[in-house]
Amino acid sequence: DYSVLEKPIGKVYYDEVISNFQYDKAYTKEIQEEVKELEKEYEAKKELAEKLEKQREEEYLLALRDAEAAIKDGDLQMARDNLLAAQGMKPSEKEVAEKLTQVNNQIAQKSNNSERYAAVIKTADALFASAKYDEAINAYNEALGIKGSDSYALDKVKKAELEIKALAEKDNELSVDEKIDQEYKLM
Numbered sequence: 007d008y009s010v011l012e013k014p015i016g017k018v019y020y021d022e023v024i025s026n027f028q029y030d031k032a033y034t035k036e037i038q039e040e041v042k043e044l045e046k047e048y049e050a051k052k053e054l055a056e057k058l059e060k061q062r063e064e065e066y067l068l069a070l071r072d073a074e075a076a077i078k079d080g081d082l083q084m085a086r087d088n089l090l091a092a093q094g095m096k097p098s099e100k101e102v103a104e105k106l107t108q109v110n111n112q113i114a115q116k117s118n119n120s121e122r123y124a125a126v127i128k129t130a131d132a133l134f135a136s137a138k139y140d141e142a143i144n145a146y147n148e149a150l151g152i153k154g155s156d157s158y159a160l161d162k163v164k165k166a167e168l169e170i171k172a173l174a175e176k177d178n179e180l181s182v183d184e185k186i187d188q189e190y191k192l193m
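The numbering of the sequence shown is our numbering, which starts it at 7 and goes up by one.
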């Protein structure tokens with residue numbers, strides 16, 4: 007309430023009896039008390055604003071730290087959320103905008119990799135189902151190149167290798183049977 011500032015701070019008048027200026031002591035004392043109260047309110051608001059600014063800065067730094075930790079952990083969505091929060095607190099910070107752009111690009115790339123991985127796995131599964139095990143192994147290895155140590159692709163590679171081995175053993179058995187048949191015919 008600044009209404010106290012609309013009033014005069016003191017009242018002075020000329021007293022002809024004493025040929026000098028006089029002031030209204032009671033009025034001046036009352037106004038000075040109101041001005042002091044206004045100053046106290048101003049200082050309290052200033053202190054509160056400083057506390058809020060300090061808290062905002064701490065929250066900003068916390069959001070940046072959390073974003074960095076999320077990036078290290080590979081949780082790009084959490085990193086993005088924290089960077090957006092930091093950007094909301096300080097929209098003019100270029101560092102945050104640059105990191106946000108990097109994270110958004112990584113999320114897009116990861117999404118593209120996921121789509122590519124799914125397509126390669128689908129092809130590999132079709133090759134495996136049609137007993138083209140060597141080609142299926144190549145496709146699963148391509149999927150592993152996209153998505154590191156994926157347990158599904160690794161398991162399928164092992165199964166395909168076991169199928170190839172089983173087919174080789176079966177061919178071997180046929181060859182042994184054919185040899186026995188040939189020896190029998192020669193007798």
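Among these hints, one or two may not hold up.
Here are the in silico distance ranges between beta carbons for each label pair [to be verified]: (1) E49 x Q83: 13 to 23 angstroms; (2) R71 x S157: 24 to 34 angstroms; (3) E12 x A114: 56 to 66 angstroms; (4) A125 x M84: 25 to 35 angstroms; (5) L58 x D81: 54 to 64 angstroms; (6) G154 x T107: 21 to 31 angstroms; (7) Q115 x S155: 53 to 63 angstroms; (8) Y20 x K42: 24 to 34 angstroms; (9) E74 x K164: 37 to 47 angstroms; (10) N147 x E74: 26 to 36 angstroms; (11) T129 x E101: 38 to 48 angstroms; (12) E99 x Q28: 54 to 64 angstroms; (13) L160 x A55: 57 to 67 angstroms; (14) A114 x E59: 29 to 39 angstroms.
In silico lysine-lysine, DSS-like type, Cα no more than 27 angstroms apart, as pairs [as the list claims (entries may be wrong)]: (15) K35 x K51; (16) K171 x K128; (17) K46 x K31; (18) K96 x K57; (19) K138 x K78; (20) K42 x K52; (21) K52 x K13; (22) K57 x K42; (23) K42 x K13; (24) K13 x K35; (25) K96 x K60; (26) K100 x K116; (27) K100 x K138; (28) K31 x K51; (29) K52 x K31; (30) K164 x K176; (31) K165 x K176; (32) K35 x K57; (33) K46 x K17; (34) K13 x K57.
The hints are simulated quantities; they were obtained by calculation from the structure and are not laboratory data.
For glycine and all other residues, C-beta sits at the position ideal for the given N, C-alpha and C.
>> Of the numbered hints stated earlier in the document, which are not met by this structure?
In response: Those not satisfied are hints 1, 5, 7, 19, 27, 28, 29, 32 and 34.
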